[in-house]
Structures are given as structure tokens and as C-alpha cells.
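Since chain A is already given, all that's left is putting chain B on it; use the hints.
Line by line, the protein sequences are chains A and B. Residues in the first sequence are numbered consecutively from 23, following my numbering. Residues in the second sequence are numbered consecutively from 118, following my numbering.
Because the hints were derived from the structure by calculation, they are not lab data. Computed from a predicted model, the values in this text were never measured in an experiment. For glycine and all other residues, C-beta sits at the position ideal for the given N, C-alpha and C. Careful: at least some of the hints might be erroneous.
Partial list, computed: chain B residues near chain A (C-beta under 10 Å) [to be verified]:
| # | residue |
| --- | --- |
| 1 | Tyr148 |
| 2 | Val167 |
| 3 | Ala169 |
| 4 | Gly224 |
| 5 | Leu229 |
Each chain is listed here by its residues.
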Amino acid sequence: GDSVTQMEGPVTLSEEAFLTINCTYTATGYPSLFWYVQYPGEGLQLLLKATKADDKGSNKGFEATYRKETTSFHLEKGSVQVSDSAVYFCALSGSGGSYIPTFGRGTSLIVHP
Amino acid sequence: NAGVTQTPKFQVLKTGQSMTLQCAQDMNHEYMSWYRQDPGMGLRLIHYSVGAGITDQGEVPNGYNVSRSTTEDFPLRLLSAAPSQTSVYFCASSARHGIGQNIQYFGAGTRLSVL
Chain A
23 GDSVTQMEGP VTLSEEAFLT INCTYTATGY PSLFWYVQYP GEGLQLLLKA
73 TKADDKGSNK GFEATYRKET TSFHLEKGSV QVSDSAVYFC ALSGSGGSYI
123 PTFGRGTSLI VHP
Chain B
118 NAGVTQTPKF QVLKTGQSMT LQCAQDMNHE YMSWYRQDPG MGLRLIHYSV
168 GAGITDQGEV PNGYNVSRST TEDFPLRLLS AAPSQTSVYF CASSARHGIG
218 QNIQYFGAGT RLSVL
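Next up, chain A with everything else stripped away, as it sits in the complex (with noise of 0.2 Å):
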């Protein structure tokens, strides 16, 4: 079956560092490739997404690339703020036809001042 793998967190950063959160998948077909974010005491939103190999989804300063030949989908922050601290999931969706997404486990992100 399908299945993501993230990166055990958690990632423990200085402000302004560079982010890198590391994603894997295994999946049958072409699916589409997600990052969520879920803020404290908040749900699960949608951060980018990549619905094609070599697609390049952003926002909000952070980037991932739908790389099918490594099958990744990593997601990177040049210069990360105190307002990225979060837990990050990466998931597909798609794949073989079926709506059910797959997510990660999510990587807790930290940033200190």
C-alpha cells in the first residue's frame, strides 16, 4: 500500500536558519503531493502542494519539489521566524485512483528567537 515517511522531529532551529523536513513515499500510479501545517491547538491546513513530477509548489517562503525518480517531496525555508514553529505533515493523495490520503507521521518544527 501506500505510506510517507518523514523525518522524526523534533527539528530545533535558531531563527533565520535554513529549514530542510525531509519526505519519502511509496505509492502505485501518479498521486499529488502535499504539506500540511497544524499551528498549536489548531487542525491541519494545507501549506503547497505538486500535483505532477518536477512541479515546484510554494508558499509563505517555503518550497518543495515532486521528484519522482528519488519519489521525494521535501520541503525546504530559506530563512524560517518564530511563527513557523508548527507540526509539519507531508501526504499523497490520488494515487491508483483512491481518495484516501496518506499522511506522515509530521515533523514538530521549533524556532527559537
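Relative to chain A, chain B alone:
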């Protein structure tokens, strides 16, 4: 635009009590689902629905019932609450077609404690 609305936000139950967690969406989404989130476990799918009148089990369905009589509403029923059901519960919805296909929209969650 309200999106996905969950009620209540917080609930404390005693073991053996029953209750219903409410979920409503105003985006005319076909697909709706319930997850529970526990520390270190990520999101686990409880039940889902691909349209009114159609429901199916997810990864952890035991102890929970659902129904989908309308497109908008997807309540989750705890039949006889147990301490193992202490968790944060999220409802989500998504469109099956169009530009927003497969993007999940989540509610703010219901934080449930079973004593």
C-alpha cells in the same frame, strides 16, 4: 465561508457514556473523514465517506459509528466511551473533482478526555 465546523471543542466523558461529535462543511464536498491524533502516532483514519449514504471503515474504527445522511454533515458517535478514546479528533473534507481535488480541509478539532 465557515469551511469545516466541529462541535464541541472540548468534552469530558465518564467511561461508558456515549456522545456524538458533530462535523459540518459548507463547501459541497463529497469526501469527508474522521481522524484521531495521539502523541507520536500521527493521524489515524477512523471512518470516511465518499458521499451521502456511503460510509466505510478506516484504520481504527472499533468503538465508533458514523452516518452520512446529507452532504454537509458527518457525525461521529462514541457508543461506550473508554479511556483509550482520549484523543483529539479531527474532521476533514475534500472535493473529488476540479482544481481543489484531494486537498483536505480540516476542522479545528474536538479535544476529548474519557475518565
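Consistency of the hints with the structure:
For B:Tyr148, the interface hint holds, since its Cβ comes within 10 Å of a Cβ in chain A; the closest pair sits about 5 Å apart. A least Cβ separation of about 6 Å between B:Val167 and chain A falls short of the 10 Å threshold, and the interface hint therefore holds. A hinted interface residue such as B:Ala169 counts as satisfied when its beta carbon comes closer than 10 Å to some beta carbon of chain A; here the least separation is about 15 Å, so the hint is violated. Proximity of B:Gly224 to chain A holds as hinted, the smallest CB-CB distance being about 5 Å (cut-off 10 Å).
Among the interface hints, the one on B:Leu229 is violated; its C-beta lies about 15 Å from the nearest C-beta in chain A, farther than the 10 Å criterion.
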